[in-house]
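Since chain A is already given, all that's left is putting chain B on it; use the hints.
Listed here are the chains, written in short residue letters.
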Amino acid sequence: AQKITQTQPGMFVQEKEAVTLDCTYDTSDQSYGLFWYKQPSSGEMIFLIYQGSYDEQNATEGRYSLNFQKARKSANLVISASQLGDSAMYFCAMSPNAGGTSYGKLTFGQGTILTVHP
Amino acid sequence: DVKVTQSSRYLVKRTGEKVFLECVQDMDHENMFWYRQDPGLGLRLIYFSYDVKMKEKGDIPEGYSVSREKKERFSLILESASTNQTSMYLCASSSPGDSRTGELFFGEGSRLTVL
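As you go down the protein sequences, you meet chains A and B in turn. Residues in the first sequence are numbered from 1 upward in steps of one, following this note's numbering. Residues in the second sequence are numbered from 1001 upward in steps of one, following this note's numbering.
Among the clues, some could well be false.
[Unchecked claim] Calculated cross-link-like contacts (lysine to aspartate or glutamate; reagent style EDC-like; alpha-carbon spacing at most 20 angstroms):
| hint | chain 1 | residue 1 | chain 2 | residue 2 |
| --- | --- | --- | --- | --- |
| 1 | B | K1053 | B | E1030 |
| 2 | B | K1003 | A | E44 |
| 3 | A | K70 | A | D86 |
| 4 | A | K3 | B | D1038 |
| 5 | B | K1003 | B | E1079 |
| 6 | A | K105 | B | E1017 |
| 7 | A | K3 | B | E1103 |
| 8 | A | K105 | B | E1030 |
| 9 | A | K70 | B | D1051 |
| 10 | A | K105 | B | D1059 |
| 11 | A | K105 | B | E1079 |
| 12 | B | K1055 | B | E1072 |
| 13 | A | K16 | B | E1072 |
| 14 | A | K105 | B | E1056 |
| 15 | A | K105 | B | E1103 |
| 16 | A | K3 | B | D1059 |
| 17 | A | K105 | B | D1051 |
| 18 | A | K70 | B | E1056 |
[Said to hold, decoys possible] These stretches of chain A come out as covered by chain B in the derived footprint (C-beta under 8 angstroms, 3 or more residues):
| hint | stretch |
| --- | --- |
| 19 | 55-67 |
| 20 | 109-115 |
Just so you know, the hints here were simulated from the structure itself, not pulled from any lab data. The C-beta atom is built at its ideal place from N, Cα and C for all residues, glycine as well.
Just chain A, same shape as in the assembly (with noise of 0.2 angstroms):
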């Protein structure tokens, strides 16, 4: 089975600031996925990142990246520059695979909400 651990409940940054949230997962798979996906009040999660379990390459969109430590099985979300629009629930999660085939079946984490002050 998989694991996901979010140990921040919340976190605090000053705009224009970097910040980490923490992820650590659990797995006997081999070949897995890792997301972020970013959940403002309104409801809807929104898909910011993801990293295969054998992308040698952290993976980077805009001002997220993704901080993937395999032998520690650690999956740490890196904002640089934050902005006060990147207030929201954060969450990761787990696919049983990587490379597309997914097909959705995530295990999520319990989510850090994160509050950007000006």
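This is chain B only, laid out in the frame that chain A set:
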């Protein structure tokens, strides 16, 4: 713009009522999912479907059933609602054929309160 639409944003029902949550996607996706979101627990998979008329149980299927008669529509059914089913319900879709990541596309959620 791709879209997953859930029929009701907010519902209030009484214990024992039958509840239908409807979800429609316009992306011609094969896969559709129902998740439940609770504080401190994240999202948990209730049921999913890979094709019309097929369904598979997720992690917490007890007390729920689903229906997928058409590719674009996936319904979640609470046969006899109970107070512990008060939650946010999120529908999602994906297509393994056209996404390298297997990304999920979510609806806006349906917040159900069972009294």
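Going down the list of hints, with the structure as the test:
1. K1053(B) with E1030(B): Since the Cα atoms of K1053(B) and E1030(B) sit roughly 11 angstroms apart, the hinted pair holds (cutoff 20 angstroms).
2. K1003(B) with E44(A): OK: K1003(B) and E44(A) at ~11 angstroms, within 20 angstroms.
3. K70(A) with D86(A): Answer violated: K70(A) to D86(A) is near 27 angstroms, above 20 angstroms.
4. K3(A) with D1038(B): 16 angstroms, holds
5. K1003(B) with E1079(B): Violated, because 27 angstroms separates the two Cα atoms, which is more than 20 angstroms.
6. K105(A) with E1017(B): 29 angstroms, violated
7. K3(A) with E1103(B): 19 angstroms, holds
8. K105(A) with E1030(B): Roughly 13 angstroms separates the two Cα atoms, so the pair holds.
9. K70(A) with D1051(B): This hinted pair is violated, its Cα atoms lying about 34 angstroms apart.
10. K105(A) with D1059(B): OK: K105(A) and D1059(B) at ~10 angstroms, within 20 angstroms.
11. K105(A) with E1079(B): 24 angstroms, violated
12. K1055(B) with E1072(B): 14 angstroms, holds
13. K16(A) with E1072(B): Given pair K16(A), E1072(B) is violated - Cα atoms ~41 angstroms apart, limit 20 angstroms.
14. K105(A) with E1056(B): Holds: K105(A) and E1056(B) sit about 11 angstroms apart, inside 20 angstroms.
15. K105(A) with E1103(B): 10 angstroms, holds
16. K3(A) with D1059(B): 12 angstroms, holds
17. K105(A) with D1051(B): Distance ~14 angstroms between K105(A) and D1051(B) Cα, so the pair holds.
18. K70(A) with E1056(B): 31 angstroms, violated
19. 55-67: Coverage by chain B is violated for the stretch 55-67 of chain A (0 residues, Cβ < 8 angstroms).
20. 109-115: holds (count 3)
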